[in-house]
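Novice: Sequence:
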Amino acid sequence: MTSKKKPATPLVVPPNLKSEEAVARFASVMDHSQRMVHDFWSKQMRAVAGSDFQFFDPFAAGQAFMQLGAQMMTNPAKYEDLFRDMAMQNFKLMRTTFERLQGQDVMPVIQPEPGDKRFSDETWSENMMSDFIKQSYLITSKYMREMVHGIENIDAESHAKVKFYTRQYINAISPSNFASTNPLVLKKVQETGGENLISGMENLLRDLERGQGKLKISICDEKAFEVGKNIATTKGKVIYQNDLIQLIQYSPTTKTVHKRPILFVPPWINKFYVLDLQEKNSLIKWTVDQGYTVFVISWVNPRRDLANKGFESYMLEGPLAAMDAIQEATGEKELNLLGFCIGGILSVATLAYMAAKKDNRVKAATFLTTMVDLKDIGEASVFIDDAQLKNMEKYIDQKGYLEGHHMSNMFSLMRENDLIWSFVVNNYLLGKEPLPFDLLYWNSDSTRLPATMLIYYLRNFYKKNGLMKNDVLELNGVPIDIEKIKTTSYFLSTKEDHIAPWQSCYPATQKFKGPVRFVLGGSGHIAGVVNHPRKKKYGYSTNHKKYTTAEEWLETSKEHDGSWWEDWGKWLKRRSGKRVPARIPGAGGLKAIEDAPGSYVKTRISD
Numbered sequence: 004m005t006s007k008k009k010p011a012t013p014l015v016v017p018p019n020l021k022s023e024e025a026v027a028r029f030a031s032v033m034d035h036s037q038r039m040v041h042d043f044w045s046k047q048m049r050a051v052a053g054s055d056f057q058f059f060d061p062f063a064a065g066q067a068f069m070q071l072g073a074q075m076m077t078n079p080a081k082y083e084d085l086f087r088d089m090a091m092q093n094f095k096l097m098r099t100t101f102e103r104l105q106g107q108d109v110m111p112v113i114q115p116e117p118g119d120k121r122f123s124d125e126t127w128s129e130n131m132m133s134d135f136i137k138q139s140y141l142i143t144s145k146y147m148r149e150m151v152h153g154i155e156n157i158d159a160e161s162h163a164k165v166k167f168y169t170r171q172y173i174n175a176i177s178p179s180n181f182a183s184t185n186p187l188v189l190k191k192v193q194e195t196g197g198e199n200l201i202s203g204m205e206n207l208l209r210d211l212e213r214g215q216g217k218l219k220i221s222i223c224d225e226k227a228f229e230v231g232k233n234i235a236t237t238k239g240k241v242i243y244q245n246d247l248i249q250l251i252q253y254s255p256t257t258k259t260v261h262k263r264p265i266l267f268v269p270p271w272i273n274k275f276y277v278l279d280l281q282e283k284n285s286l287i288k289w290t291v292d293q294g295y296t297v298f299v300i301s302w303v304n305p306r307r308d309l310a311n312k313g314f315e316s317y318m319l320e321g322p323l324a325a326m327d328a329i330q331e332a333t334g335e336k337e338l339n340l341l342g343f344c345i346g347g348i349l350s351v352a353t354l355a356y357m358a359a360k361k362d363n364r365v366k367a368a369t370f371l372t373t374m375v376d377l378k379d380i381g382e383a384s385v386f387i388d389d390a391q392l393k394n395m396e397k398y399i400d401q402k403g404y405l406e407g408h409h410m411s412n413m414f415s416l417m418r419e420n421d422l423i424w425s426f427v428v429n430n431y432l433l434g435k436e437p438l439p440f441d442l443l444y445w446n447s448d449s450t451r452l453p454a455t456m457l458i459y460y461l462r463n464f465y466k467k468n469g470l471m472k473n474d475v476l477e478l479n480g481v482p483i484d485i486e487k488i489k490t491t492s493y494f495l496s497t498k499e500d501h502i503a504p505w506q507s508c509y510p511a512t513q514k515f516k517g518p519v520r521f522v523l524g525g526s527g528h529i530a531g532v533v534n535h536p537r538k539k540k541y542g543y544s545t546n547h548k549k550y551t552t553a554e555e556w557l558e559t560s561k562e563h564d565g566s567w568w569e570d571w572g573k574w575l576k577r578r579s580g581k582r583v584p585a586r587i588p589g590a591g592g593l594k595a596i597e598d599a600p601g602s603y604v605k606t607r608i609s610d
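Mapping the sequence shown onto this note's numbering, position 580 (from 1) lands on 583, and the numbers just tick up by one.
The hints are simulated quantities; they were obtained by calculation from the structure and are not laboratory data. Misleading hints may appear alongside valid ones.
[As the list claims (entries may be wrong)] Now the in silico label distances, taken between C-beta atoms and shown as ranges:
#	residue 1	residue 2	range
1	Glu558	Asn363	31 to 39 Å
2	Glu597	Lys336	23 to 31 Å
3	Arg307	Lys548	49 to 57 Å
4	Arg306	Lys360	26 to 34 Å
5	Asn473	Thr551	15 to 23 Å
Owing to the predicted nature of the structure, the values given are computational and were not obtained by experimental measurement. C-beta: ideal position from N, C-alpha, C; glycine also.
All chains, full assembly: derive it from the sequences and hints.
Specialist: So this is what it looks like as C-alpha cells:
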C-alpha cells in the first residue's frame with residue numbers, strides 16, 4: 004500500500020505583488036549580488052593580508068584564544084565541573100519541554116538577562132520549539148561566558164580580548180539572527196510568501212554598495228533628516244573659522260543674558276550636533292533659553308591636507324582660538340567652558356596648559372563623560388594594543404587620516420546587539436526599512452581623524468595615561484600637569500557608559516586643585532547626557548563629600564529624580580555673573596560669516 008503524497012503548500016503571494024514581479028526581483032537580486040559579494044570578500048582578504056586596516060585583528064584574537072586553550076589544559080577538572088553543570092541544565096530543559104508537551108505548566112529553566120531585547124516578543128515563549136532553542140542557547144552562552152571569565156594565569160590584555168571576542172561569537176550565533184530559528188521571521192515569511200527575504204536581500208546589497216564593498220549597515224532612515232533643516236536648527240551665526248573649526252554664536256532668546264559667555268567643546272570623532280539634535284532634546288537650545296551667550300566649536304571633517312595637524316593644533320586652533328574670538332566678539336575676557344567626551348579631554352589639557360601659562364580666563368568648567376584616568380578604558384582597550392597601533396600607524400601614514408567608519412565600527416562592536424544585530428534582523432531578515440531616529444542619524448554621520456593627532460592621542464593619552472602623570476604630555480612646548488588646574492569644575496558621568504567608564508572619570512576629583520562637583524547620571528554615554536528635563540528620565544546621583552575612590556563616593560551618594568541639566572543649571576548660574584543686554588551674533592567685534600550650523604558640519608565624506 005502506498006501513501007498519498009501530501010501536496011506542496013502553494014507560494015503565498017501578497018495581494019499587492021504579482022508572482023512574476025517577485026521572481027523578477029529575486030533574479031535581479033541574485034545577479035546583482037554576485038558582484039557585490041565578490042567586492043565584499045575582496046575587501047576582507049585585503050584586510051587579512053594587511054593591505055587594509057581594521058580594528059578587528061584575527062591574529063591577535065587567535066593568540067589570545069591559544070592562551071585560553073593552554074590554561075584550560077592545565078586545570079581540566081575546573082572545566083569538567085562547568086561542563087557537567089551545563090549538561091544538567093540541558094537535561095532539565097529537555098525534561099521540562101517533555102512535560103510541556105504533556106500539557107503541564109512549567110517554569111523556564113533560564114530567562115534572558117534584564118535588558119536583553121532579542122527574545123522580548125511573546126512568540127519566543129509561546130512557540131514550544133522556539134522556546135526550547137532560546138533556552139538551549141541561553142544555557143550554552145551562560146557557561147561559555149563563565150568559562151572565559153574564570154580563566155586564571157592569563158595576562159590582562161589577552162583576558163580582555165578573550166572575553167570580548169567570546170561575547171561577539173555568542174551574540175553572533177544567537178537564534179534571533181537566523182531566519183530558520185527566529186519565529187518572527189518565519190511568521191513574516193508565511194505572511195508575505197518570502198517577499199520579506201527578497202526585500203532583505205535588496206537592503207543588504209544596498210548597504211554593501213553604500214560601503215563600497217564593506218558592509219555599512221543602515222541604522223536609520225537617513226533621508227528623513229537634513230542638518231540645518233530639521234536637525235541642528237538652533238538659530239545662530241558662524242562668526243569665526245580656521246582650518247580646524249567654525250565657531251558658532253547662537254542667537255539669544257532672552258532680553259538679558261549672563262555676563263560670562265560659555266564655550267562648548269564637542270568631540271571631533273563625531274559632529275557637534277549631538278548637543279543640538281532637535282528642540283525637544285537640544286542641550287544647546289536649553290542653555291540659550293536659560294539666558295546664556297552660547298558658543299560652540301564645529302570641527303572640520305579633515306582630508307589628507309590636514310594630516311599633520313597634531314593634538315596641540317586641536318588645542319591652539321580649537322578652544323584657545325575660540326576663546327580669543329569670543330573676547331573679540333563680545334568684549335568679555337572671562338568665560339565658562341564645557342567639554343564633552345574627547346572634547347572634554349582636550350579641555351582638561353587646555354586648562355592645564357593655561358594654568359602653566361598663568362591664563363585664568365576660564366572661571367568655571369564643565370566636563371561631560373570625560374575620562375582623566377585612562378588606565379581602564381573599558382572594552383576600547385581590546386582595539387588599542389601595541390600591535391594594533393603599529394598597524395594603524397602604517398595604514399594612516401599612507402592615507403593621512405583614519406576613515407570615520409573605523410571608529411564607528413569599533414563603537415558598534417562595543418554594543419553589538421543594539422547597533423549591529425538588531426538591524427541585521429530588522430533590515431535583512433524581516434525586510435523592513437530602518438526608522439527615522441535623530442540620534443542614530445548623528446551616529447552614522449562619522450568624521451575622519453588626522454594621522455598626527457590620532458597617533459599622538461592614542462600613544463600618549465591611552466597607552467601612557469598621560470593626563471594622570473606630569474612628565475608625559477607636552478603641548479606647544481609646555482608640560483601638562485592637571486594638578487595645577489584650580490578652575491571650579493562640574494563633572495557629569497553616566498552609570499552605563501561603555502565608552503568613558505564613570506570610574507575612569509572620577510579621579511579628576513582627586514587631581515584637580517579647584518572645587519569639583521561630581522554627578523553620576525543614569526543611562527549611557529549619549530542618552531544619559533542628552534536628557535532634557537521634560538523627559539523626567541534616568542535620574543542622577545550627587546555627593547557633597549569627597550572620597551578617594553569612586554566606589555566610596557557611590558556608596559554614600561544621594562539619588563535624585565529628573566535630569567542632571569537642572570542641577571548643572573543651578574551650578575552654572577552662580578558662576579556666570581550678572582545679567583547684561585543680550586548679544587546678537589555678528590553685531591559685536593566679529594561679523595557673521597554664515598548661518599548656523601555652518602558648512603563644516605554639513606560635509607558628509609563617503610569612506
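Novice: Now look at each hint and say whether the structure bears it out.
Specialist: Quick rundown of the hints versus the structure:
{"no.": "1", "hint": "Glu558 - Asn363: 31 to 39 Å", "in the structure": "holds (35 Å)"}
{"no.": "2", "hint": "Glu597 - Lys336: 23 to 31 Å", "in the structure": "holds (26 Å)"}
{"no.": "3", "hint": "Arg307 - Lys548: 49 to 57 Å", "in the structure": "holds (51 Å)"}
{"no.": "4", "hint": "Arg306 - Lys360: 26 to 34 Å", "in the structure": "holds (32 Å)"}
{"no.": "5", "hint": "Asn473 - Thr551: 15 to 23 Å", "in the structure": "holds (19 Å)"}
Hint violations for this structure: none, all hints satisfied.
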